[in-house]
Every structure is written in structure tokens, then in C-alpha cells.
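Next come the chains, spelled out residue by residue.
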Amino acid sequence: MNESPILVQKVSRAYDGPPVVRDLSFAVKPGSIYGFLGRNGSGKTTTLRMLAGLIRPQAGEVRILGQDPFTIGAAERQWLGYMSEKAVVPAFTRVSSVLNLGRELYPTWDGTLADALIARYDLSRKKRFMTLSQGNQRLLSFIMAIAPRPRVLLLDEPAANLDVVARREILDDILDLIRDCGCTVLFSTHILSDVERVADEIGILAKGSLRVSETLDSLKDSIRQVRFFGFPNGIPAGDIPESFRAVRGKDEITITLRTNSVTTPETLARRWSCQQETRALNLEDIFVELSRN
Amino acid sequence: MFFLNPSSGVPLYVQLQQQLEQRILSGQLLHGAQLPSVRDLSAELHINPLTVVKVYQALEREGFVETKRGLGTYVAHESPALKIEARRRQIGPAVEQLVAEALHLGLGEKEIQALLSEKFRQFKSKS
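Here the protein sequences line up with chains A and B, keeping their order.
The opening position of the first sequence corresponds to residue 35 in our numbering, with each subsequent residue numbered one higher.
The opening position of the second sequence corresponds to residue 27 in our numbering, with each subsequent residue numbered one higher.
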């Protein structure tokens, strides 16, 4: 299958005010884990809700496995696993009833996988949903999303409220799912170390638009922070083309840019007859640089 | 065991590739030795299988390993040309760093060469 299992094309969506998502386009390759990053309010949850078929874009279109998720029937829905930011389950429902619901809803429900995860996460079947810790509620929601063995998995902040060990476990479970059935995953998170470990592609959303959407390797390979210093004629003024961000100090400028663009650190240093010093950025640095104005 | 730091500016595939090359060059992994499967290694390191695939493909391109279809990935017979070339490449970043620092501190080529010779002597007398 060459078609992208997750496709967003020129999508815009507003609620009551200005658009939360603006003219957003990206695609996730089959078998990929796409880390969807952005500050609070940048439009991540709205995008995921559109992909899950809960709300419709006002412009543009979204496609899951080539179909409109808003109109797919029950048979296709089991291919689409979705873990929302907040699970809505009646407070007194027992864990066992939640699992039974999954079995009834999804013909592809993998009871063995669900049982294994329940045991691994140490969840009690008799407990009522509201008596579970927030972390355990997240884990149960995660089981509900992956036990039908979906072909596309959408996870909205799966790691929120989880401790480090539980986070590692669900990351391993996501990786297992990919190894076993070539699932394609889109997940939003604020925990960048998780993304750096498992994601191969990254999208950084700011104010409803993507600043970047590419492989994590190419981001790390190409984005550099460069300090220019030793200016003979004072600091140059004006915009620096193709740069993400420039911070001017008293006698130096620090610029975040791509080394594979036309304007390289070397060409700038030559133009300004100054010296330069380059450093690589990790994902947290890149995220901060690209999310700021 | 490999030591990967996902929160580094160096991409994971580069880290893993360097460590595997280093083991092959230093003889810790002998020719004919089988590398772990993509599946096993990605599970062990808790990383995306695509990262391991990328590293194995790069190692194969560079001539470090051979993939026998359906059997697995094996350390290739060494070619002397590759070995010296690959060793130079491994040490390249360290040399570049050294020269950059030297220029920064206003130390010349002669002074650095003297310091290097001194270090070589120290290491040789220790071993």
C-alpha cells in the first residue's frame, strides 16, 4: 500500500472564534510513528478529533486508510484505534464491563492481548472506573484503543499522568503493535523524550499550522544553532532569510537555521566577515526554537 | 548492549551505527557473526524498528555487514581498504573538534602536533 494511511489535506477548523487549525496538510507513511507536537492550544487535539471522525473539518479533508473517518461504518471503525485526551466512561462501570464493551464492539478484539495488558499493567477487573488512579484510567483507555489491533492508531497525550515505568511499557506496546501488524501511529505528547525514542517522523504545530513535518533524523541532522561573533562593523540589521529565529546580543547574533538551506552558517559568516560556532540541537531545543515567535 | 541517548542532538541511527561500526572495527564483532534481528534489537533498545533497518542498510552499503535473505544480517569479511577508511571516518569528528578548539585558543599546527606526540608517548609507555 503506497497511500498514506493518515492524510490531512488543507484542513481548517474553528469552534466559535478564530480557526484552531488553519490550512493544515500532512501525511503519515505506512508503519510510521508520527510524533505530533505543539504547545497547549496549538490545535493537536482538534486535529486528532477530526482524524478520529468525531468532528468534521470546515475546509479540506481528512482520510484514514483512504476513507472519510466521519462517515465510515462499524466494520471500518475497528481499524481505527483512538485514545482521547479524556476517557468518558460512566463512573461506576467496572473494568471488566469496559473490556466486555470492547469485545462486543469490535469483531477483531484480541482478548489474549487485552488480558496480557491487564495483567502487565496490574489492573483489577473488579474495580470501578472512577476508583482507578488517573494513570490507570489512561492505561485502560490505551488497552481499549489497541486491543482491536487497529491498522491506524491515534493517541492523544497517551502518556499524561503516567509514571516513567508505565510510559516505557506503553511505548513498548506501541512498538510491538507496529512490529506485529504494521500499524501506523499518530500520537501527541508533551514528553519529548518519548518522541525521541520511538517516533520516526515529527510534526511541530504552532497556532494551527505545521512549522515542520519530517523525519526526526533529518530534523536533528539539519537544524543547527549558530552563534556569530567578532563582527568588524557592528551587528548586521534586518531579517535573516530562511532562519527560524535570530536573537541579537550586544556583539553577537544567535541564529537557528537549516544547514541544508541556501543560507548556510558559512555563507553568512563570509558575508558578515565574522566568526561562527555551530551546535546541534536535541528535540527539546528544536521544539522550543520553532514554537517561539 | 548499546548506549543510546535519545535526548541528544545526534540522531539515534547515527549513535547506533557508530557503535556497531566501532565494534566491528575493533574486532569485538568478528566476521561471520550474526547481528540481532531488527525485531529483537528494536525491542531490546526500545526504539523504532525503522531506526534499526536504517542502520543495517547503511552498514550494508558501507560493506560492514551482509544480509542473507531470510537468514539474517552477518558481519562481512573485512576489506583492508574499508577498514582504514572507516577508521579514519570514525576519528574524523574528534580531529575536527580538536582543530576547531585549537584555532579558537590560538594554538598553531606545530603546538598541537607536539601535544599529540606527547600524548602518544604517554599512552605507549603505559601499555
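These aren't lab readings, by the way, just hints derived from the structure by calculation.
Wrong hints could be hidden among the right ones.
[As the list claims (entries may be wrong)] Chain B is nowhere near these chain A residues, computed Cβ spacing over 10 Å in every case:
| # | residue |
| --- | --- |
| 1 | Ser59 |
| 2 | Gly65 |
| 3 | Gly100 |
| 4 | Arg183 |
| 5 | Asp210 |
| 6 | Leu315 |
| 7 | Asn316 |
[Said to hold, decoys possible] Partner residues aside, some chain A positions facing chain B, computed with beta carbon under 8 Å:
| # | residue |
| --- | --- |
| 8 | Arg213 |
| 9 | Asp251 |
| 10 | Ala314 |
Note that the Cβ used here is the ideal one computed from N, Cα and C, for glycine as well.
**OP:** List in ascending order the numbers of the hints, as given earlier, that are violated by the structure.
**Re:** Structure breaks hints 2, 5, 6 and 7.
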